[in-house]
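**Student:** Take a look at the letters that make up each chain.
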Amino acid sequence: MSEPVSTCRREELKRDTEFRQVLMHLRRNRGAMVGLIVLAVFLICAVFAPLLAPYDPTDSNLGRALEKPSAEHILGTDELGRDSFSRILFGSRISLAIGLISVSIGLVVGVPLGALSGFYGGKFDLFMQRLIDILIAFPGILLAIVVVTILGVGVENVMIAVGVASIPIYTRLVRGSVLSVKEEGYVAAARALGIGNTRIIIRHILPNCLGPIIVQSTFQIATAILWAAGLGFLGLGAQPPNPEWGAMLSKGREYIRVAHHLTTYPGLAILLMVLGFNLVGDGLRDALDPKFRKSR
Amino acid sequence: MLGYIFKRLMLAIPVLLGVSILVFAIIRFIPGDPARAIAGVHATPQHIEQVRREMLLDEGLHVQYYVYMSNLLQGDLGRSTFSRRPVVTELRERFPNTVILSLAAMFVATVVGMSAGIISATKRYSIFDYSSMVGALVGVAAPVFWLGIMFQLLFAVRLGWLPSGQMGTFKHLILPSLTLGLATAALIARITRSSMLDVLRQDYITTARSKGLAERVVTYKHALKNALIPVVTVMGLQFGTLLGGAVLVETVFSWPGIGRLMVESILRRDYPVVQGAVLLLAVTFVMINLLVDVIYAFLDPRISYGSKEAE
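Quick note, the sequences are listed as chains A and B, same order. Using the working numbering, the first residue of the first sequence is number 1, and each one after it goes up by one. Using the working numbering, the first residue of the second sequence is number 1001, and each one after it goes up by one.
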């Protein structure tokens, strides 16, 4: 059965106008713009790391170990004489990858579960809610630690662990959104026209829940980067010689008295990247919330 | 109200059961032989066989879980493969230290966060408002372990004012609690500010002001109480973040708490202790959430305690 063209077109037009409005509000938000610039810089660093880095991040030179920042090594060298700036540049690849991939895992599993739970309700919903209650009983990073304990250390396992820890957040968020959206007139209309449930969820419900999902994902990437750096710091994340920021910080700590640059700069890099995502998330939340837009 | 508390308690039971199943499963999910994992890396074949028999690993999972739960309810969580001491003893020694650290951090977070939030709201768009909100943004984004190391560098290594780690006097508690509490303080400051601003716009505040009440009385007596409701909720939810953060802060400051014990045990593959620590942290978190729900119900009379009151 074909869907009524006018209803679909109207929905698309509405979404297009909303998208333009969101972009306009985002552009006016100074914080969000600062966040976007910070993230753009990190993205450039990550993509062009081999071109931008003055040295190979794994090349050691014991004769130049623990040097302070200088013209030759702008952020100094580590205990093996490796260039800290190059390692931080390459580290942005790992942090961004962990943030993006782990959030994708959370989205791919959490969104469908939340949508089905909210849409169908009943026993499945009840079961899912209790399951989520159990997962939420573990503070996020603790759940990630539990998963790493089972899977073992390493970057890939950190991505999975952090992804798994974010599943309950998405499931709960999407369920809540679906519960309110499914009562809308256009969903009842689609149902009256005999459109299948799967199609209703994918074409009519989920696109209208996108706002909170996008906002949450932006914040979640920031959280994922912090959790992953935390795991790296504890020795449960990326292993040497990987230039992961958390692990670099942990190693640098041993030399805090003689070379504090080894802890200061990787930490600043984490802070700036997380701040960038948080600022963009704040901006998106404000731009996507019609109440806030009117009050401005 | 009592009915509500009872209902909320009942809801916590399946969650706690679920948590116990997940913790029980940790050891069974690890690739390889669970008996070898529990017995430890250097265990003899005889010892591995003994563990297998004790844990009934040749029996069905339901039998194993039944035995695990029976032991758990009798306070038996097994023995550490590293120290050979009962896990319960290890946890009992370390848990109070984590509680002390978390409470001190929550105290720091509440005092710093609420003061900054209230001053920001009452002096909106002032330099204090801008700087404390920028500080809050940075505070939320800064990795807690890095913040701890920076504090150590400044206050212990450079200035020599405070000890850099370990547990001992009150001085030892200052840096870890400040480190752990600052991120939460940042969040509390933001919530307090926006909640206060919302309340200060309400009609009854205008009425109070038009009665000629002093601004201080309006702010602290009329506005603050209502503005605190969302703050209390956030504080409760933040306790989980604090417990998670404690794992990192305890490692930075060599604080002998549950978090550090857990990380050391993971690195040593001392799984019985890992299980015990995870279980204890999760149960504590569930209990705190329960307490927050009850406090929240006390604070906000609009919450319905059951169908009768709701009508």
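Hints listed in this document are in silico derivations from the structure and should not be mistaken for laboratory results. Where hints are given, some of them may not hold.
Stretches of chain B that chain A covers, calculated by requiring three or more beta carbons in the stretch to come under 8 Å of a beta carbon on chain A [what the hints assert, rightly or not]:
no. : region
1   : 1040–1049
2   : 1216–1226
3   : 1239–1249
Far from chain B by the CB rule (all over 10 Å, computed), these chain A residues [stated by the list, open to error]:
no. : residue
4   : Leu36
5   : Asp59
6   : Tyr120
7   : Gly121
8   : Asp133
9   : Gly152
10  : Ala188
11  : Arg253
12  : Ile256
13  : Arg257
14  : Asn278
Ideal Cβ placement from N, Cα and C applies to all residues, glycine included.
**Student:** For every hint, state whether the structure bears it out.
**Tutor:** Tested hints:
Closer than 8 Å: that is the beta-carbon criterion, and the region 1040–1049 of chain B has 0 residues meeting it against chain A, so the requirement of 3 is violated. Counting residues of the region 1216–1226 of chain B whose CB lies closer than 8 Å to any CB of chain A gives 0, which falls below the minimum of 3, so the coverage claim is violated. With a cut-off of 8 Å between beta carbons, the region 1239–1249 of chain B has 7 residues touching chain A; three or more are needed, and the interface restraint holds. With 10 Å as the threshold on Cβ separation, the claim that A/Leu36 sits away from chain B holds: the shortest Cβ distance comes to roughly 15 Å.
No beta-carbon of chain B is positioned within 10 Å of the beta-carbon of A/Asp59; the least distance is around 26 Å. At the 10 Å boundary, the C-beta of A/Tyr120 stays outside the reach of chain B, the nearest C-beta of that chain being 21 Å off. Every Cβ of chain B is farther than 10 Å from the Cβ of A/Gly121; the closest lies at roughly 19 Å, confirming the non-interface assignment. A/Asp133, annotated as away from the interface, has a beta carbon of chain B within 10 Å; the closest lies near 5 Å.
Once the 10 Å rule is applied to beta carbons, A/Gly152 is inconsistent with being away from chain B; the minimum gap is 8 Å. Every Cβ of chain B is farther than 10 Å from the Cβ of A/Ala188; the closest lies at roughly 27 Å, confirming the non-interface assignment. Interface exclusion of A/Arg253 from chain B breaks down, the closest Cβ pair being 6 Å apart, not more than 10 Å. With a closest Cβ-Cβ approach of about 6 Å to chain B, A/Ile256 is found to fall inside the 10 Å limit, against its non-interface label.
At roughly 6 Å, the least C-beta separation between A/Arg257 and chain B is not larger than 10 Å, which violates its mark as non-interface. Separation of A/Asn278 from chain B is inadequate, the least Cβ-Cβ distance of about 6 Å not exceeding the 10 Å criterion.
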